[in-house]
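Visitor: This is what each chain is made of:
4 protein chains.
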Amino acid sequence: MTQSKTGLGREDAALQPQADGGSSSASKRRLLTEAQEADLREAREHRSQTRRVTVPALEEILYEPLPVLDHGFVRVVDYMGDDSSIVQAARVSYGKGTKKVSQDAGLINYLMRHRHTTPFEMCEIKFHVKLPIFVARQWIRHRTANVNEYSARYSMLDREFYIPTPEHLAAQSAVNQQGRGAVLEGAEAERVLEILKTDSAKTYEHYEEMLNERADGGVIDESRAGLTRELARMNLPINVYTQWYWKCDLHNLLHFIGLRADPHAQYEIRAYAEVLLETVKRWVPLVCEAFEKYAMTGTTFSGPALAVVKRMLAGETVAPEDSGLSKREWRELMEALGREG
Amino acid sequence: MTQSKTGLGREDAALQPQADGGSSSASKRRLLTEAQEADLREAREHRSQTRRVTVPALEEILYEPLPVLDHGFVRVVDYMGDDSSIVQAARVSYGKGTKKVSQDAGLINYLMRHRHTTPFEMCEIKFHVKLPIFVARQWIRHRTANVNEYSARYSMLDREFYIPTPEHLAAQSAVNQQGRGAVLEGAEAERVLEILKTDSAKTYEHYEEMLNERADGGVIDESRAGLTRELARMNLPINVYTQWYWKCDLHNLLHFIGLRADPHAQYEIRAYAEVLLETVKRWVPLVCEAFEKYAMTGTTFSGPALAVVKRMLAGETVAPEDSGLSKREWRELMEALGREG
Amino acid sequence: MTQSKTGLGREDAALQPQADGGSSSASKRRLLTEAQEADLREAREHRSQTRRVTVPALEEILYEPLPVLDHGFVRVVDYMGDDSSIVQAARVSYGKGTKKVSQDAGLINYLMRHRHTTPFEMCEIKFHVKLPIFVARQWIRHRTANVNEYSARYSMLDREFYIPTPEHLAAQSAVNQQGRGAVLEGAEAERVLEILKTDSAKTYEHYEEMLNERADGGVIDESRAGLTRELARMNLPINVYTQWYWKCDLHNLLHFIGLRADPHAQYEIRAYAEVLLETVKRWVPLVCEAFEKYAMTGTTFSGPALAVVKRMLAGETVAPEDSGLSKREWRELMEALGREG
Amino acid sequence: MTQSKTGLGREDAALQPQADGGSSSASKRRLLTEAQEADLREAREHRSQTRRVTVPALEEILYEPLPVLDHGFVRVVDYMGDDSSIVQAARVSYGKGTKKVSQDAGLINYLMRHRHTTPFEMCEIKFHVKLPIFVARQWIRHRTANVNEYSARYSMLDREFYIPTPEHLAAQSAVNQQGRGAVLEGAEAERVLEILKTDSAKTYEHYEEMLNERADGGVIDESRAGLTRELARMNLPINVYTQWYWKCDLHNLLHFIGLRADPHAQYEIRAYAEVLLETVKRWVPLVCEAFEKYAMTGTTFSGPALAVVKRMLAGETVAPEDSGLSKREWRELMEALGREG
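Residue numbers (this note's numbering), protein chains in the order written: chain A, 416 to 756; chain B, 416 to 756; chain C, 416 to 756; chain D, 416 to 756.
Among the hints, a few may not be true.
Copies of one chain are not kept apart here, so a pair can be met inside one copy or by any two copies together.
[Claimed, not checked] In silico DSBU-like pairs for lysine-lysine, Cα to Cα no more than 35 Å straight-line: (1) K617 - K708; (2) K514 - K617; (3) K742 - K617; (4) K515 - K612; (5) K515 - K742; (6) K708 - K742; (7) K725 - K742; (8) K612 - K742; (9) K725 - K708; (10) K708 - K612.
Hint data in this document are derived by calculation from the structure and do not stem from the laboratory.
Work out the full structure: start from the sequences and follow the hints.
Guide: Below is the structure:
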């Protein structure tokens, strides 16, 4: 795990105007309004003394929006604990972890390998996230977390919609019912982007019309009452951006990342999971290393699959039809072993 | 609690073509396709013997879709336990509840009054629900439940959108940031309905076009690949219907109903909460009676508010500015006591 | 999976007086009082008609105490769903599972292999369990379940203590800080049993004395007040038996069994986990088969361990010091592969 | 809320040898060993800079054991957030709370009054607690928290038992099945204390004998193997002390305190709840004030009870038999209103 992989240089750019991912370098965007940036700068400038454990590498990016997709971001807003806190809880000790980092690393590896999950629950982190509603709907399925979402009953939603960059405009996969195939090209791709952009613009315009209010707060027609916000919003498509505060313990965060940074997850939520993983690397590097070793790059074999591996290691040539595995299980096993089926 | 209140006659109508709530009686609709109705009839016709406790009044409506809003429904798919199960668990007994219904009722009242919530967790119910996405997003915030949602990554969504009936087209409330005011009328109401209907139709048409597939499964243009379903869906507005299996214990179901059948809840989710309450009445009538007495029609007074009530009962005329309450607290107290502020 | 393995013949014996596990066949015991047996017989004799899915193999043992340890038991009190319910929820279908058992099995295998856990949450089961307090304290750590425990603030505890049979009187393991070594023998074993029996008897006698009440309800000394139950109980050792109603969904039940039927779990809770697994076999045999294949007999390899396996399969002789694994990881890998380290 | 109520002067004494609660001032005790005190001093002396919100009043007592009962304590080990964090989350804002404390207080009051609980979940706190097992068994029933308990499978338990002070040796209540009556006196009280002390000492001595190990780590008899720790512990009574790390969000902590600081809770867990409440006062004083107003000193009236209050306020003299309330409900209502039944 090197620094270059963890994106440790990223935050310098985070508050700058950014190239819109995938579009021409000329199209800049701002993640925040000026007032929001001022709030954030004030929060970042303020320092306090504390007796709590602190993590300088995470403090560096505290409060800063890390960009995701075209208008989204992830901001670390607060955290509790560090690598040593896991050791401290596992030992129910009166002080911090052990005296040596190598001992801490060994115990963390052991806990991860043997799925002793409760010590990892002793670290907590809080994010502010901006994300499209269809991503939010997948995200919220992780129930062991705390959430406060921006209320579109109470306030107007911003005019921000997720429009994929061309390289993410994939066709339906022919083999995987819920996967992506090749990238769409030419006129078909253009037409899709045109539809998405047009319908986003049109439905938002109608949202304003029904509310009788413009995004800037101005009234459109003084003679009209305006539809209530809790109804008007229902005309907006699920690629509109929402935002929330989301707080989670480290064990459940890793579970989230394990599922959502997986290649089978939809690209758009994977983009968020990967940024979350970057923050975990800054926060608890020993845990992150163990997690990548056991959970991200590891594999589970069923009893029958393990039996096949043992026969192969004993020098036997095992035929699929003699393996006790279904065709699909056989194929998955060969893939895991990096062999041709 | 009489039968007429509990809607016990409702199920006879549930499988029939129905008047669209609020529109003219001529506009009939079907909740299910013929194939779905056949599945459901088969499930309803099958009877088994069981040693488990059963609830005939709930069995009557088992599997039947109870209509909600214009295309939604709630179906009870399975249940565990009855009123006596709460008593059984509270007593950790070897048999069923007590010998007498009146004793069961007394204990259930006691448990409800003193917030002994765990015995109510010993009953479980499973629903199949069809609901607009914006309702689903409020619903899913209740985390202590099990959910399996229809996957729009895997399958195409139906062409069904929630369009409010005219009497539910409310203006934004002037006094309550997240409430409804008077009903919109005339041209403004017509324009809103026109927008909602047009944009629903248009975005669904584009959904089909991007998928290169029609709702009936046919391919539109053999020369095109079609956008992957997990992306194409993002053009649909949040009034599109989704569906899920939702399973919950009785305590958490009552908590859900208490919050969502409340007048402050958005009308659309309240419509679901009220149908859920009907099923609870059939299932556990003693619990339901206690719940309505304590949770639905009861009120909580703060310490300072209670002090005001005591002074008033002692004959004192309490002035708002002399009450120790804020203006808002005073107004809420007077409302709860049914008095002018 | 054959019937003989699942203990399907067990229930016939369950209500009979039983040989005390491990002690001489002359020492019989009853699990229940006569009044409790009468309650249970009444519950078992009653049959109702239901439209719900039912599982005859589970109905056979419904309400019956399955003996565990010397005074404990597990009784299935209620259940919701069967194998087909998992398929039904995964498909969000209007009817039951698929049309063919083999299709259901295939889908269940797929869901288990890919950790799609939510459909397994759609089945629910409720147990009445009698267990020693030190087992209860391990058990309750599984938080996603509903519990009602017998209250020793409200009622007197029975005079029942767990005393291990001689073959379970293990010495402390020299290599594993929280494991068992060889069985104690001779005078040392006898002394341990003597201590456990004497202290249990003595502390219970003092419990009665402090309460000023005998186990049969009689007052000991009319001139005394008697210590409150909530305090008197604190003199009892943690091998005293308690009991509770415990309700759990199938996913979390399997997670419980996976951890607690594991060889690293303490024998006494493992004894319960194994009886729970028997009930799962009766209830959802397809799920149980998949669970045993993937979770019980399967193994997870870390990324570095998998790399070693690949090198070995390619014909390379990998030395421990050249494997990238710690000594402990290497030993665990060799054990998993059934090879000498 | 004054300082004297909140015990803000308490921490100065916390690390000093203490008078055993209720016994003569001569019997001093230490909460920690010298090594533990050294660890703790080191943790307290260390200061870091942080960009996170900090709470000086809570930092003051960070890591210090606040004494509870005779050998127990509560130590705040870490925390996340402050009063402003609730406002920040409720508003999903980019900066901290509002600009004025009075606005924050108003919003927090509103959220508490209307049971908008999710913003309170955005603060988190972690404690190290030493407590008797019978208290731990009540405590652990609160499932929405993270726990790591000292393992008596892995290590030996300390020779520490809860022995009530004489004024807490209550008789069983004659009217409340799970309550306390008058304090025991004279010979009966002496006999109870003698039993508790003798049995604690005797069972611990036997614990050491079975382990073949003394509390100081020495082996008793080199010729014996020693019973495994996971079995030997089962001879210890449930007034033996255990310890754990316990982490909880503010909403669930307040729920815990509301139930466990209630007069109906057993005195021994109430003693812990009251110390927890003290730490909450230091941590989030605005939340604490709202909590005391609404949850601690407030009351919930059922619908029928509220109807009685309204009739009384209208000048009517309501008779119990004419109130629609049961005798018990009537008595509870009169108590809440501070009137004679």
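Visitor: Decide, hint by hint, whether the structure agrees.
Guide: Quick rundown of the hints versus the structure:
For the identical chains of this complex, K617 and K708 are neighbours neither inside a copy (48 Å) nor across copies (48 Å), given an alpha-carbon limit of 35 Å. Taking the shortest Cα distances, K514 and K617 never come within 35 Å of each other, neither inside one copy (62 Å) nor across copies (37 Å). Taking the shortest Cα distances, K742 and K617 never come within 35 Å of each other, neither inside one copy (49 Å) nor across copies (43 Å). With identical chains, the CA atoms of K515 and K612 are never at most 35 Å apart, being 55 Å at best within one copy and 42 Å at best between copies.
Proximity of K515 and K742 under a CA criterion of 35 Å is satisfied inter-copy only: 19 Å between copies versus 49 Å inside one chain copy. In this assembly of identical chains, K708 and K742 lie within 35 Å of each other by CA distance both inside one copy and across copies; the values are 28 Å within and 16 Å between. In this homomeric assembly, K725 and K742 come within 35 Å of each other (Cα to Cα) both inside a single copy, at 19 Å, and across copies, at 21 Å. In this assembly of identical chains, K612 and K742 lie within 35 Å of each other by CA distance neither inside one copy nor across copies; the values are 43 Å within and 48 Å between.
In this assembly of identical chains, the alpha carbons of K725 and K708 lie at most 35 Å apart whether taken from the same copy (22 Å) or from different copies (16 Å). Taking the shortest Cα distances, K708 and K612 never come within 35 Å of each other, neither inside one copy (41 Å) nor across copies (49 Å).
In summary, the structure is inconsistent with hints 1, 2, 3, 4, 8 and 10 from the numbered list given earlier, while agreeing with the others.
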